[in-house]
Amino acid sequence: MRGELQMERQEKIEQRIGKARLWYRLLSVLAAWGLIIWMLSPSLCTSAPSSSIKTLIVTGQNTHDWKTSSSAIKQMLENTGLFEVDMAISPAQGEDMGAFLPDFASYQLVLLDYSQEEWSEDAKNAFVSYVRSGGGVVVYHGANNTFSRWKEYNQIIGLGGWDGRDETSGPYVYWKDGEIVRDKSPGIGGQHTTPYAFEVINRDKTHPITRGLPEKWMHAEDELYGLLRGPAENLHVLATAYSDPAHLGTGRHEPMLFTIQFGKGRVFHTVLGHAGTEAPPTALECVGFIVTFQRGAEWAATGEVTQEIPGFFPAVYRDYGTPDDVRRWKNYRSPELKEILKQASSYHYGKDEEILAELRDYVRAVRNNPEIRKRSEKQLATFLESDATLASKMAVCRHLREIGFSVSVPVLSKMLFQEETSDLARYALEKISDVSAEQALIQGLGKTTGKTRLGIMASLGNRRAEKAVPYLEEFLYGADKAEAVAAAKALGQIAHPNAADVLSKALADTSGQMQAHIASSLLSCAEELLANKNSDEAEEIFEALMQAKLPLHILQAAFKGRIAISGSEAKGTIIHALKGKDAVWHAPAIAVVRDVFDESEIQELCAVLPGLPPESQVQLLEVLSHYRVKASLESAIQATKNENRDIRIAALHALESIGDATTVELLVHHAAKSGGQEQEAARTSLWSLKAKDVDQAILLNLAKQNDTDVQNELIMSVGERRISEGLNWLLAKARSSDTKNRQQAIKALKNVASPSDLPLLVKLLISVDEERDQMEMASTIAAVVQKSPQLEGEARPVMNVLPDVSDIPSRRALYRTLGKIGDDSTLHVLREALDDDDKDVQDAAVRALAEWPATTAQEDLLHIAHTSTNPIHKILSLQSYIRMVEMEYYRSPERAVKSLQDVLDISRPEEKKLILGILPTFASKEALGLAESLLQEKAVEVEAKMAIEKMKEKLYKD
Amino acid sequence: MNRRQFLKLSTAAAVGAFGFPQIVPASVLGKSGTVAPSNRIVMAGIGFGMMGIPNMEAFLEKDEVQWVAVCDLDENHLEQARDIVNQRYGNKDCAVYRDFRELCQRTDIDAVSIAVPDHWHAIPVIACARAGFDIYGEKPLSHDLLEGRAMCEAVKRYGRIWQTGSWQRSVANFHHACELVRNGRIGKILKVEVGLPQGHYDFAGTAHLNTYGPPPKELDYDFWLGPAPYSQYCTARIHMNWRWIMDFGGGQLMDWVGHHVDIAHWGMGFDYTGPVEIQGWGEFPRRGIWDSPIRYYLKAKYADGTPMDIAGGFDEIRGGTKWIGEHGWVWVNREAQETHPPALWNEFIGPDEHRLYRSRDHYQNFLDCVKSRKKTITPIEVAHRSASVGHLGVIAIELGHKIRWDPKTETILDDPEATRLLGRSYRSPWQLGL
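Note that the protein sequences, when read in sequence, are chains A and B.
Heads up: the first sequence is residues 1 to 958, going by our numbering.
Heads up: the second sequence is residues 1001 to 1434, going by our numbering.
Don't read these hints as lab results, they were simulated from the structure.
One or more of the hints may lead you astray.
Okay, derived cross-link-like pairs now, DSSO-like style, lysine-lysine, Cα gap no bigger than 27 Å in a straight line [said to hold, decoys possible]: (1) A:K571 / B:K1156; (2) B:K1156 / A:K549; (3) A:K579 / B:K1156; (4) A:K533 / B:K1408; (5) A:K692 / A:K673; (6) B:K1301 / B:K1191; (7) A:K481 / A:K451; (8) A:K351 / B:K1375; (9) A:K787 / B:K1188; (10) A:K205 / B:K1188; (11) A:K374 / B:K1402; (12) A:K630 / A:K571; (13) A:K533 / B:K1156; (14) A:K581 / B:K1156; (15) B:K1188 / A:K690; (16) A:K950 / A:K938; (17) A:K579 / B:K1375; (18) A:K938 / A:K925; (19) B:K1217 / A:K641; (20) B:K1217 / A:K451; (21) A:K690 / B:K1375; (22) A:K54 / A:K74; (23) A:K630 / B:K1156; (24) A:K571 / B:K1375; (25) A:K673 / B:K1062; (26) A:K378 / A:K447.
Use the sequences and the hints to build the structure in full.
Below you can see the structure in the form of structure tokens.
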């Protein structure tokens, strides 16, 4: 007994010790983790851990604002958590530099932000030996502006500018034709552009500093240094930028970031980052500058770069960047999400939206870093639980839609179950792929009511959530109609076989509207089944649907689906449907004909055609027009004789694609004898017939057909089809005794004649009697003239004939033709004709000038408008003058407006309206003034208002 | 029991050979299915804030149309539309609706014209297709890509005729430009450039009414918001100017992609496909009530290697569509065109060459196709493909990296993040539902 007790006690003690040991182990692990966390936490690095890089910034004098720049770069380095930064500030300029001797040897990295007075020899030697023995150096911007005569300094910095540098300092270094060149040409060392934002191009994607940076990025407004020169020994260029002459640059790709090896020391040189009078300095706040600076510094100190490239880096992935690609960091560090969220928490409609834009930038920047993204998701989720405004929570949900995974689901779920926040939650949850999101939505079905519940069903549908099917099923039979419909729709979207099962069961149990919804969803399921090659099951659904009392178009959809999958039975089914008494099955049957019948099989369809009701014939003819075989052609030809006009029209349209040379006569007769849509259809087909010999058939018909209406159609088609062999026919018909034929032929010549035919055309012109025909002929001649390649002496065919023509009508015709052609070398003829004795000749000259297609007759017309005693001539000329002002849209607005202003006093309301119509082309202050001056005139008030509105739109657009 | 057995149980009417009922009682069902050519096409309209009225007026001019109803959420727009119809027919027969779902119950309507904000395109279109109406709808087809696909499926399923308001295809100079390009008159195409407008344009003149507050009583604002995320009412954010807000529209890019990109596709024969790659940049305003991109530059590439640049606010890309080929180029815009060489424009495309669908009256084309059931000149699939370029472009701009797209399966490759952005959740109780 005692032994047992002892053993019991022993065990208990051992247990206690074991527990204690466990606790001890636990505590020590916690302590160790605590220590590690503490050590890694950047915010605790002010008393930096021993692994940080001891850095010294040398500054105190500079042609730049060193006070701002040195504190900026100190902060920049400290923000990385890697550097412990001291400042060595020299005496001010003019003071004794003797005592200035920074303790370089104690540091791992020296940052030069100094220019001007020479250091003491001791200081110089100390610095050089520091570098030689392995000390790291960052040369920053203005530090290369100085010490041009200190040999080792220039070897260390590699390149420099100003301070008397020239070819004796060393070569220029820049990028040209795909490589770095060293150019020994004589010339000054150092220049810079005016400040502007520019692209920096990554030239070495393997070096630790630039590895992982994009091919190019946008740097903020800065002075771009160029023409730097120096020893450039052991110098390697990492990035360049094109120095744009438009900003007083060199036109070269100048080096921006480069490294130098001096002894054992690594040097990182950045020429970027001008700190002038702007505060804070835009270049220093540039993310591109900050990140390359931080990386360069780490490399110079350690030879490696451990820092990650932030998502904010201003990469440019297009042909060229713009200032909008620049990214800035306030306080030289990436913003913290919690700061942004704090500011956003009070956002409400109507308040400054900028904070939402910052949030967007943040999310965009971190989305490619899984760790930060997950942390951000957690923070965003926490935000949703705070008492921030709903508007700000919506903004956050938008981002969770983009980057959310499982972490935010619990919070979103809670929001989902409450009416006020449910839509916001769903905006994110619907797109979160994690299974927990779906579970939350399914749970939500049971925890919500009313429209909140409906919304959840919608989301489950969009997600194609198969697991939701059994839950949705219950609602199909519920008392709430809206929920039943929503459930049916969601099941239709899900379209999984389980959903099809549920819906099929419900089909029999519902009626009316609800059944129609079920049916629609079943159609969707059937399509899904078909896509997965389950045609048997799809067929069953289609059949079941067709037997239910559903709206017609649903039945038709089911019928269509059934035919399409019935394989070899499809043709039979279609024919049967078409032969059936019920026209409702025709449309769906016809709709699938093309998928089912090939060219050799359509005989039976053609046989069925004539027995169909008109609407079905129209539809079937359209379908048959895609079959270029004899059977369909014959059917269409037959149908053109149908007593129903719409069938005739459909047949005529069909002939466009299946007609041939034998169809020409039919079409021509049809076009000649009908009107409206029917005539249009016949003509369109005639003009578009593709087959060979159609042109020949048309010409043959011209020869044998006597009816003038038919002739008319044939002539038109010669023109529309540009049948060049028809030229002689047209020339003959242009002399026809039938007016219509004559005019049609003259019109058709526009398309068929070529410039070499012009002498014939001019002869025709003067032989034609009727004025109307003459004008038409003149237009034709002008149109044919346009086809000639040369643009000088176009009117020669007319000019050749003119001297020999004396009868007035012919001379008028020729002058009018000159007016339409617009050959400037003939202007003098018309000007002379203005003073002709014969009034009709004068009239022709005025009209010809008024028709001039270019602006060269502008002055003549202005003169006529002012001086003519014939009111019609005044009006014609004035209106043409205005038209010509509009033609010169490229002229300065002031000039155009003045030209218009000059004729206001002789303008009637009609001309004023014309002027107002063209003013918007010259939208300007002056044009607005002119329009405003016309506001007073009642007759043109409306047009003036319109013109002003149009011009304001043009001038003051966003 | 399994589905097969359920379906068998539901058999009611006697089934003839080939499995469809012999007699269909007309009283129980809807319309006879198609419009007899001699009958008038009965039409109604949904949405009269901007394009609704001009579209309706164009249809009213056609004798073959009988307009019977109008639907809008703004009492003023509703009354204005109703009055136009009544004046046309000289009676007071035009019915008014505020809820399009009621309109969809009518069994006497053949076709609807829908002109509502982008965020409202999908739901009424699908409802109308389900109701058996043919549809004249506005561009861009959809507010997001998945909606567009759903709309195409619905129209296809119910065999509906669809015309898009991409009326440029029915205009002679666009048609001719595309025929020149398709017939190889400038040789192999090296690049396509599409220039679209930049910035925002104050269509309604309400930009200055930018304070948030309660909605006016003539507007059912909650319904107007519909599936879009809730935001408080602000006059500058609704009628006509909704398109400058990404929750409702897609800025100039989406507004115009259905015009000039549609034409670009037509000239290239890309009607049923899309780019395989797209990347771009866009400047989103950081402040103000309008948040759609002010300037943007997209670079797309198609499967045959053809690059297409789409830009707004970049002078080097001219407004309109320009195809640049080995032997010259063709540029076309509204009422203007240029070619190089200049004489190219006058070249004749003969009957034997590749002819493109010809229409010179976009509304008439719709009506003709309602009767013949022929596809219109801008069927829904074509509209979806041109809108898709815009949707993918917006995603590319938002993410800042290249998107790779498979136009056959309509999926974004290897990019779950971008895939998330293809569709969005609707505010309750609205549902996409097919």
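A quick look at each hint next to the structure:
no. : hint              : verdict
1   : A:K571 / B:K1156  : holds (21 Å)
2   : B:K1156 / A:K549  : holds (22 Å)
3   : A:K579 / B:K1156  : holds (25 Å)
4   : A:K533 / B:K1408  : holds (18 Å)
5   : A:K692 / A:K673   : holds (26 Å)
6   : B:K1301 / B:K1191 : holds (9 Å)
7   : A:K481 / A:K451   : holds (12 Å)
8   : A:K351 / B:K1375  : violated (49 Å)
9   : A:K787 / B:K1188  : holds (26 Å)
10  : A:K205 / B:K1188  : violated (36 Å)
11  : A:K374 / B:K1402  : holds (23 Å)
12  : A:K630 / A:K571   : holds (20 Å)
13  : A:K533 / B:K1156  : holds (19 Å)
14  : A:K581 / B:K1156  : holds (26 Å)
15  : B:K1188 / A:K690  : holds (25 Å)
16  : A:K950 / A:K938   : holds (19 Å)
17  : A:K579 / B:K1375  : holds (25 Å)
18  : A:K938 / A:K925   : holds (23 Å)
19  : B:K1217 / A:K641  : violated (60 Å)
20  : B:K1217 / A:K451  : holds (23 Å)
21  : A:K690 / B:K1375  : holds (21 Å)
22  : A:K54 / A:K74     : holds (12 Å)
23  : A:K630 / B:K1156  : violated (31 Å)
24  : A:K571 / B:K1375  : holds (22 Å)
25  : A:K673 / B:K1062  : holds (24 Å)
26  : A:K378 / A:K447   : holds (25 Å)
Checked against the numbered hints listed earlier, the structure breaks hints 8, 10, 19 and 23; every other hint is satisfied.
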